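**Student:** Sequence:
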Amino acid sequence: MIAGAAAEALVLQALTRAANRHEPCPTNSRLAELLGARSSGAPNSTLHRLEKRGLIKVDRYSSSRQVTIVATGRRTRAPASAAKHWRDRPEHAAKLATINNLGPKMAELIREAAEQQGVSIVDFVVSAGASPTTAGNLSRAKAPRPLTIARFLPLLGDKLRAIVPEDLLKVADAIVVPPPEPPPPAAPEQPAALERAPAEDPSFRPMVRTIAAPLPNAMIPPRPKGRQRTFEEQLAAVAAGAGLIEVRPMRRPEPARTLGGVGSGLL
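Per the working numbering, the sequence shown starts with residue 1, numbered consecutively.
Source of the hints: derived by calculation from the structure; they are not laboratory data. Check each hint, because a few of them may be wrong.
[What the hints assert, rightly or not] Calculated lysine-lysine pairs in the BS3-like style (CA-CA distance at most 30 Å, straight line):
id	residue 1	residue 2
1	Lys52	Lys105
2	Lys142	Lys159
3	Lys105	Lys142
4	Lys159	Lys170
5	Lys142	Lys170
6	Lys159	Lys105
Note that the structure is predicted; figures quoted are calculated from it, not measured.
Input sequences plus hints: build the corresponding full structure.
**Tutor:** Structure, rendered in structure tokens:
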């Protein structure tokens with residue numbers, strides 16, 4: 001593989017030839033072939049050195065580039081797509097600033113605010129309507145979305161505005177964040193050992209009603225541990241409103257009424 005000054009001269013010669021002929025800029029694969037490199041990313045360092053020395057000027061786009069030879073002012077053919085390279089887009093610059101700075105800083109603001117309110121980080125994050133994993137992602141320097149920033153702006157105020165890039169802050173300010181839904185009201189706790197008897201249970205049999213008349217507002221006594229209820233305890237439970245389950249013994253199958261018996265009878 002050709003490297004150093006020889007590589008720079010060879011790449012500059014290829015770029016100058018394309019600019020003089022008004023051809024598209026040679027691709028990385030073509031330049032790597034000229035340099036004898038296996039990786040198509042190898043010419044990038046050579047291009048950056050030429051650009052740093054002021055020999056060429058590079059306009060990068062989404063899928064190609066246009067090179068200007070500074071000595072002659074001639075340029076390679078403009079690409080068909082004029083979309084900017086992702087590194088040169090404003091939203092990417094905001095994302096880089098977010099990854100490098102905003103993530104850990106925002107996580108620290110959340111941690112301090114949670115401590116001041118005397119709540120856990122998860123509770124603080126949930127109170128803003130965000131996911132409980134948000135604080136963990138921010139502490140690992142993952143870029144928060146504008147929606148995440150918009151959720152915490154009312155809670156963290158000027159401290160958060162001081163570290164958010166301006167273009168990302170504009171996007172976050174334009175987002176209308178709905179307030180978090182309040183948690184459903186908790187159901188009143190009932191005693192674990194006692195159950196309130198139903199007002200009426202149609203499954204009671206008349207004989208049981210006669211033996212154990214229902215008692216109004218009675219509570220079913222808890223089932224004893226390690227043993228069956230005595231007969232008196234069962235009557236007290238029935239009187240308090242416990243239902244009855246009728247258990248019938250299983251019959252032995254009758255061959256004449258089974259599918260096999262019917263089939264045998266037809267033979």
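**Student:** Need the status of pair Lys52, Lys105: alpha-carbon distance at most 30 Å?
**Tutor:** violated (33 Å)
**Student:** If you draw a straight line from the CA of Lys159 to the CA of Lys105, is it 30 Å or shorter?
**Tutor:** holds (10 Å)
**Student:** Would the hint linking Lys142 and Lys159 be met if the CA-CA limit is 30 Å?
**Tutor:** holds (19 Å)
**Student:** Can you confirm whether the C-alpha distance between Lys159 and Lys170 stays at or below 30 Å?
**Tutor:** holds (16 Å)
**Student:** Need the status of pair Lys105, Lys142: alpha-carbon distance at most 30 Å?
**Tutor:** holds (11 Å)
**Student:** Can the restraint linking Lys142 and Lys170 be considered satisfied, given a maximum Cα separation of 30 Å?
**Tutor:** holds (20 Å)
Comparing the model with each earlier hint shows a violation of hint 1 alone; every other hint is respected.
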